[in-house]
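Chains as they are written, first to last, in this note's numbering: chain A, 1 to 378; chain B, 1 to 245.
Derived by calculation from the structure, the hints in this document are not laboratory data.
Note that CB positions come from ideal geometry on N, CA and C, so glycine has one too.
Treat the hints with care, since some could be wrong.
Quick list of simulated restraints, FRET-style, between CB atoms [stated by the list, open to error]: (1) Ser370(A) to Ser55(B): 24 to 34 Å; (2) Trp71(B) to Leu355(A): 31 to 41 Å; (3) Leu355(A) to Asp224(B): 49 to 59 Å; (4) Ala185(B) to Leu347(A): 47 to 57 Å.
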Amino acid sequence: MLWIAIRMLTGDAQKFYGLLFGIGFSTLLITQQLTIFVNLIERGASGVFNAPEAEVWVMDPVSRTTDVSYAMPSTALDEVRSVQGVEWAVPHLRSAASVRTKDGDLEQVAIIGVDDATLIGLPANMVQGDKRLLRQPDTVFISDGGAINMFGAGYDVIGERLELNDQRALIVGITDTIPAFTSTAELYTTYSRALNFVPGARNRLSFVLVGVSDGESPAAVADRIEDRTGLKAETREQLAQAGVDFIVENTGIPTNFGITVILGFVVGVAIVGLTFSLFIRDNIKQFGALKAIGVTNAKIVRMVAVQAGMVGAVGYALGVIGTAVFIWAFSGNPFFKGFYIAWQIPLISLGAVILILAITGWLALRSVLSTEPASVFR
Amino acid sequence: MSEPVNIAAKVEGENAISARQIARDFQTGQTSIRVLHGIDADIRSGEMTFVVGESGSGKTTLISIMCGILWPTEGDVKVFGTDIYSLSDSELVNFRLQNIGFIFQQYNLIPSIDAAANAAVPLIAQGMDVEPAREKAKELLERLNIADQADKLPNQLSGGQQQRVAIARALVHEPRLVVCDEPTAALDASSGRRVMDLLREVAVAPDRACIIVTHDNRIFDLADRILVLEDGRITHDGTEMPADH
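This is chain B alone, in the form it adopts within the complex (with noise of 0.2 Å):
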């Protein structure tokens, strides 16, 4: 295994990411759209925060920056007590494979390989040899209630288990961040209640934070707390959707 740095060594407060007059501006043509408004937020650890808001008003903007993968032009974001945009870029990467794990809307596992090293792939990453990675991915497989998919290729999946794949592959290196974009926006509303409560359950601890972008008022209740974006700015910071919405 490749040697861990643990950049995020220490912890400030309680915040897990604390991000400070975040602006992104996009280029179109010669134009320069800005989508993001020098934005102030803190995720705190031990909580399920969303990020909620129309398509358009800059929530997965806002999250890829948080995480460490798209830069802001301008404002720090701070992970874990990390300043992650002072860091040069193999240390960025690096920090994401050791402090975050992921989860996206299309999965987006790899589908020639089975289950259990879909969810291994952050291990492995991380230099683990694959057949220890994929048995410490099936002990995640079974805590997700789909043990026996383990050999099974993505396609033979039904969406909510591909999902749970997701899960353990964004868990299996034991992230203090696990960022989710939409994850429950291919499901029907049970699964989708499932799939919370899995997260909850998996991914919300003490020293972690959970980000999940949605706009799916079906699990809105599920929320420690909700950030509302809209054109670029944090309309609403609270415990619950403002009645307004």
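Chain A with its partners taken away, still in its complex shape (with noise of 0.2 Å):
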């Protein structure tokens, strides 16, 4: 009977693609929305990414995020460095400023100063330049989705003179960079250069990254420098989940994304719905015949339930190749970089596609259950 119940289905190839459409376009919705979602508060935590040496961060006991940040005395250093347990520290400092393009274009950015000596606080790989390229006066990187928004893409940046706090600033490498949330250009120098780079202020020092000693967590370091200097300390995957949290509670992003994933589920219970009613209706009378013949409902309950499993299956596995499409063909956007579909996204947009089936095919199941064999000499 379930080789009935598939042919059935097909048979009717307009209702059949209908139906797919539905399942189809429901998952690519929630899956896709999804996917944004998880990779742009992601972002909140690009900072945190982009310094993969650093096993603890420490900063002042206000500070929230990479990017939400009060900048300490540079004897904060000093005091980290003394805490047991603690195997390297540097400064790090992080902080908004505007430049000058040579077109006298202003543009607002990220000034990242990283470690003089040891360059830790860059991003571990280049897209073009040398990181050693960073010691040479006046020199910066660019992230490379900021080299994008703010040049263009394909115009090569390397040799650029940017003007800062009066300063000037020569491009001499392109950073390969998880971008920020807001997507601000990221420019990279030295922290003392940095320092000249953006507005005075008497302190300055907006981290201080932390490299613990064998046999150390960083969790157990991070509780050290707590007590012994009254600094804040987070272990980067604290300081990444403070990032994201940063963003669902201070941005309507879940609400839009949530209010688009639920829409994705009605639009989908309409369409499955709609369809699959149709679909039973136009049918009632062979099910109905079939009943009288000698077919259970039991047996029924299991053609209908075939029936939803194959659009099911063959409609999710159309939305999730979509999405799949859809970040792929987008990947060369500065806006998707790193984009990936998080493991537990499928998991989710399946159970939404099982529950949309569930929900249809009880509905479309009870005309059919209610339908008296009987019906059919009528």
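Mind docking these for me? Both chains are given alone in their own frames, and the hints should help you get the complex.
Following this line, the structure appears as structure tokens:
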């Protein structure tokens, strides 16, 4: 009977494709929006991910994320270095600044000052240029997304001069950077040079980046730093989570994406429910005839379940593949750089598809099960 | 294949169906309407029995009850000796699957499967694999002279051809009772007679019975026995139509 069920489903091409469209579109909407949402809020942690060597981040107690920080006195660096379990500690500056391009345009950028000696604080990889070039006078690296945003795709930014706080900055490299939540261009330079690029203030040390000694856990060292210095110390995982939480708590993004995901679900229920109901209604006489002939309700339920399962499996696959193609197609766009589909997202959309089919299948089944076999004689 | 439940193994005398004191009420809002009034009727094996009457006389309700797809409000029905309404729901469904073949007025063929598969539906429902079931159905289609249409979809067949597929579906599992609802209603006179001849040839045998609901007076002469229903009561039981009809 399952063979008959599948043939009944695929034999009505219009409704079959309608059902596939409903499930596929719903899956696409849910999976794609959740993917964008997850990747977008993870950008709140991009500052942490872009400094991969740091195991512990030390900051002023009121600082919350890499982008929401309050500067500390420079003596904090020595205090941290004196704590047991700290293998190394380097200064890290993060500040906003205005930059004037050669065309005279004013752009808002993030200045990131990394340790002069070790260059700890730079992203792991360079798209163009060598990290050692940063030791030359007046040099900066620009983030890859920032280069495109400021100069346009395909423009060779190497050798480009910028003006920062009346200081000259020469771009000598492009970093492979996870974009920030705000997509602001990031200029990396040495800590001492960064102090000249940002407007003066008494305290300008944003963070102290810490590597822990062998055998020490970052969490234990972070606790010890807090005890000894009174500063706030977080492991990279804690600070990354804080960045994500900050966006979730302080923006309307979860609500907006949540609404879209719910809409995807509702659209799925509406399209699939309507098409499935029409399909069942068109075949109600055949189902009635099958019941009269001697097909049990249990077999009818299995037939409808197979029909729903087939539509669900194919539609879901189309939706997930559609999302993957979407992400792949836009991977060259700086906004989508590094986007990936977390494994939990297809599971969530699968759950949504199962729920859609359970609701619509149950609604459709009610009319079949309540059909009296005798109705075929009327 | 599922285990056949041939509950109708015992034959009680020569009656395929014995219906006693059948009454049936239908609820319309708060009003209950009785459409059958204590009917006693026997359908004999080896005969083609016509149930005749005006629209609304209760003939469809009567055969629905006789073949186990509509519960009577009162009364008992024995089909080949089995009190079918004492069976559980699943036993009754299985009983129909094993023992009764149906020919519906509008055929109710499944539009997306070919003629052979449509004819094979009862065998597939019994658990037979699709291909062997189709092969067996094709043998019957050959007997009905439409073997060359076996691979066509119902919408590619004429009305008469669809009727033959429906007949094949009713007979493919070799039921002992065949129930037909207005089998000639959509056919012209000559096609109707051919279908009736065909039914007599394939559906009527000493151990089988065939009930036909009709109000097509062009085929009354083909009946072995005619039951006339009026207002939910049998007013005539004979080999010919009464003179006043």
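Do the hints match the structure? See the list:
1. Ser370(A) to Ser55(B): 24 to 34 Å: At 25 Å between Cβs, range holds.
2. Trp71(B) to Leu355(A): 31 to 41 Å: Because 36 Å falls inside the window, the suggested range holds.
3. Leu355(A) to Asp224(B): 49 to 59 Å: holds, 58 Å
4. Ala185(B) to Leu347(A): 47 to 57 Å: Because 55 Å falls inside the window, the suggested range holds.
Of the numbered hints stated above, none is contradicted by the structure.
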